[in-house]
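Protein chains in written order, with our numbering: chain R, 61 to 331; chain B, 7 to 153.
Calculated directly from the structure, the hints in this document are not laboratory data. Think of the CB as a built atom: it goes at the ideal place given N, C-alpha and C, for glycine as much as any other residue. Hints are not guaranteed to be accurate.
[Claimed, not checked] Here are the simulated DMTMM-like pairs of lysine to aspartate or glutamate, each with C-alpha atoms no more than 20 Å apart in a straight line: (1) R:K322 to B:E28; (2) R:K322 to R:D247; (3) B:K43 to R:E104; (4) R:K176 to R:D287; (5) R:K178 to R:D247; (6) R:K182 to R:D247.
[To be verified] Calculated Cβ distances over 12 Å to all of chain B for the following chain R residues: (7) I80; (8) I260; (9) A267; (10) M271; (11) L272; (12) A273; (13) V306; (14) L311; (15) T319.
[What the hints assert, rightly or not] Each pair of labels, with its calculated beta carbon distance range: (16) B:M7 to R:N185: 33 to 41 Å; (17) R:I260 to B:V131: 54 to 62 Å; (18) R:A305 to B:K145: 47 to 55 Å; (19) R:A278 to B:S146: 46 to 54 Å; (20) R:V180 to B:V131: 36 to 44 Å; (21) B:Q33 to R:K176: 28 to 36 Å; (22) R:F227 to B:Q33: 33 to 41 Å; (23) R:A305 to B:Y122: 40 to 48 Å.
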Amino acid sequence: MAMHHHVIENGSVSEVTGLISQIILAIPFICALIIYITALIVSEKRGREWRVYRTIFMVSGSLISLSAVVGPLAIKAHSDFIYHMLNHLLLGMLGPLLMVLAAPMTLILRALSVKKAKRVTKILNSTYAQFITNPIVASLLNVGGLGVLYMTNLYNMMHHSLLLHVFIHIHVFLAGYLFTISMIYIDPTPHRRSYLYRTIVFIFALAGHGMLAKQIYANSPAGVPVDQAQTGGMLMYYGGDVVDAVIITILFYQWYQSTAPKQAIKTRALS
Amino acid sequence: MIRRNIWAGVLFGIGGIAFIDEFVFHQLLQWHHFYDKSTTEVGILSDGLFHAFSWFATIGGLFLLADLNRRQSYQARRWWGGVLIGVGAFQLYDGVIQHKLMRIHQIRYVDHVIIYDLVWNMVAVVILVIGVLMVRRSKSNKKTKES
């Protein structure tokens, strides 16, 4: 029981792990799923087809993200750092990746009226959107945010404050989503960066993620037992590798398609 | 296109050997340790960057190969020469700089690790030399054909 020391000691824990926190964190994902399905219905009514696999990506991405904030996994994550790290992979990496592959913005733009779609496009074109979808900014928000969480006392504080708990979890998801859309272009992306630019930034981001994982292994975050920090650090290291390998493959596949010699494009069009 | 064959090979070689290092020496044999307390700070940086880079090199190298193939300009000897250069160079960097100077981890945690170091680095040099020779030969072949 020594492991759960910091949890038992504090009275406000039931509040942090409790129903309220789970409901608050579940609402955005459920809303996103409802919006997606509504957009899907509207778009199909207008006679525009939508690939089934995109919908599957959205449903699985939402469910995976939800599983990290609601239910047994979410509750376990409060007392066990290994589960916390598993949730971090699901909420900050795998869930966002699947949802990016679902091309939600494309679907929403199709479902909206021309006037409203223009308004949304205007937001996507804004300087603010340009700023946060810059690969460097997105990487700093993502890996830098994790650095602050694990290298300071923030991780410990998160277990005692509902507000911090909710804020950090939303940040982890959004930063993961932002990072993914800054690297691979599935939805309309007004401010495009070259493949080389994205590759170089990505290498540093992945390196930062790996170094942080080793730091966690070497120096346990405040309040985390050594064995949990070691297993959690390794999970972060290798789990991050696996998800990032998928993003890298998509990035290079897009490069491969974009540099196709004209002859190859012709043969593909004919076949 | 000639250079591209070599570079595609070098990248795949670096990525491939890093992958084999991880799979064989970390996971299967468990000789290498995930973290060694004597690692220098530069070592942590170097390890992080090379680990990340190797993922890109493996996947990117394969896409470059596919691109060469699509353009019908794949040249086996140059590509394989490049692979061996990548493998040898990375193995040598890993064996001399990362293991010995930066002390990221040792090859194996036993007495007389120096024997492991010697074999490791000699293998690296041999692979590197074969790779360079293959690339050189493919170039001189081309020259004699042209003249």
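Hint-by-hint comparison with the structure:
no. : hint                         : in the structure
1   : R:K322 to B:E28              : violated (39 Å)
2   : R:K322 to R:D247             : violated (25 Å)
3   : B:K43 to R:E104              : violated (59 Å)
4   : R:K176 to R:D287             : violated (53 Å)
5   : R:K178 to R:D247             : holds (15 Å)
6   : R:K182 to R:D247             : holds (15 Å)
7   : I80                          : holds (38 Å)
8   : I260                         : violated (9 Å)
9   : A267                         : violated (4 Å)
10  : M271                         : violated (4 Å)
11  : L272                         : violated (9 Å)
12  : A273                         : violated (9 Å)
13  : V306                         : violated (10 Å)
14  : L311                         : violated (9 Å)
15  : T319                         : violated (7 Å)
16  : B:M7 to R:N185: 33 to 41 Å   : holds (39 Å)
17  : R:I260 to B:V131: 54 to 62 Å : violated (30 Å)
18  : R:A305 to B:K145: 47 to 55 Å : violated (34 Å)
19  : R:A278 to B:S146: 46 to 54 Å : holds (50 Å)
20  : R:V180 to B:V131: 36 to 44 Å : violated (59 Å)
21  : B:Q33 to R:K176: 28 to 36 Å  : violated (52 Å)
22  : R:F227 to B:Q33: 33 to 41 Å  : holds (37 Å)
23  : R:A305 to B:Y122: 40 to 48 Å : violated (30 Å)
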